[in-house]
Amino acid sequence: MVSLKDIMDEASAKLGDVKFKGLMLKEARIKNGAGRTPEDVLGWDYIFRTNDGVCYSFYGAQFPLIGLTQAVPILCPLGIQTFDSYEIDFKKAIEILNTMNCGDVFVAMTLSWPLTPECTEPYWHIRTSLGNDISIGANSGKPNCNKI
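Going from the sequence shown to this note's numbering is simple: count from 1 and add 124.
Among the hints, erroneous ones may be present.
Stated by the list, open to error - As a list, the in silico DSSO-like pairs of lysine-lysine whose alpha-carbon atoms are at most 30 Å apart:
| no. | residue 1 | residue 2 |
| --- | --- | --- |
| 1 | 216 | 271 |
| 2 | 216 | 145 |
| 3 | 271 | 215 |
To be verified - Cβ pair distances, simulated, as ranges:
| no. | residue 1 | residue 2 | range |
| --- | --- | --- | --- |
| 4 | 231 | 141 | 17 to 27 Å |
| 5 | 255 | 169 | 37 to 47 Å |
| 6 | 223 | 176 | 14 to 24 Å |
| 7 | 139 | 264 | 26 to 36 Å |
| 8 | 271 | 158 | 31 to 41 Å |
| 9 | 176 | 224 | 20 to 30 Å |
| 10 | 189 | 254 | 33 to 43 Å |
| 11 | 255 | 140 | 35 to 45 Å |
| 12 | 140 | 254 | 44 to 54 Å |
| 13 | 263 | 222 | 31 to 41 Å |
| 14 | 254 | 141 | 43 to 53 Å |
| 15 | 189 | 158 | 13 to 23 Å |
None of these hints come from the bench; they were simulated from the model. The structure displayed is predicted, hence computed values, not measured ones. Ideal Cβ placement from N, Cα and C applies to all residues, glycine included.
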């Protein structure tokens, strides 16, 4: 498995050794727009923030696919904070999703840490084909389903 540090290091090397502070957002690209298993995630759109406050966006393929696009500078998104590690990977988040009664087909999946006092960890946010929004603590694994 490729670690968050490995992704930051590879993107940093392509930019001439820019030092990244951490991840701000990780958004899945899903095969045919809907998925049931981890294999349906084709790759990720990443937003990383540098130590000097500049944000960069790039795409990284999910193994067994390969490839990483050139990082481009963007405006940093509002309402989320930078983090450099998390415990629950997307495969475990999908496994947790499949134990819940909120829908089994996911159409969107992101990882971010909302910039609010009550959020003490990053969260996986998953939308199902039923329109339900699920949040799963990326360190605790604690799930929550917001049904429509």
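Structure-based check of all given hints:
no.	hint	in the structure
1	216 / 271	holds (21 Å)
2	216 / 145	holds (25 Å)
3	271 / 215	holds (22 Å)
4	231 / 141: 17 to 27 Å	violated (37 Å)
5	255 / 169: 37 to 47 Å	violated (22 Å)
6	223 / 176: 14 to 24 Å	violated (42 Å)
7	139 / 264: 26 to 36 Å	holds (33 Å)
8	271 / 158: 31 to 41 Å	violated (19 Å)
9	176 / 224: 20 to 30 Å	violated (41 Å)
10	189 / 254: 33 to 43 Å	violated (28 Å)
11	255 / 140: 35 to 45 Å	holds (44 Å)
12	140 / 254: 44 to 54 Å	holds (45 Å)
13	263 / 222: 31 to 41 Å	violated (20 Å)
14	254 / 141: 43 to 53 Å	holds (45 Å)
15	189 / 158: 13 to 23 Å	holds (18 Å)
In summary, the structure is inconsistent with hints 4, 5, 6, 8, 9, 10, 13 from the numbered list given earlier, while agreeing with the others.
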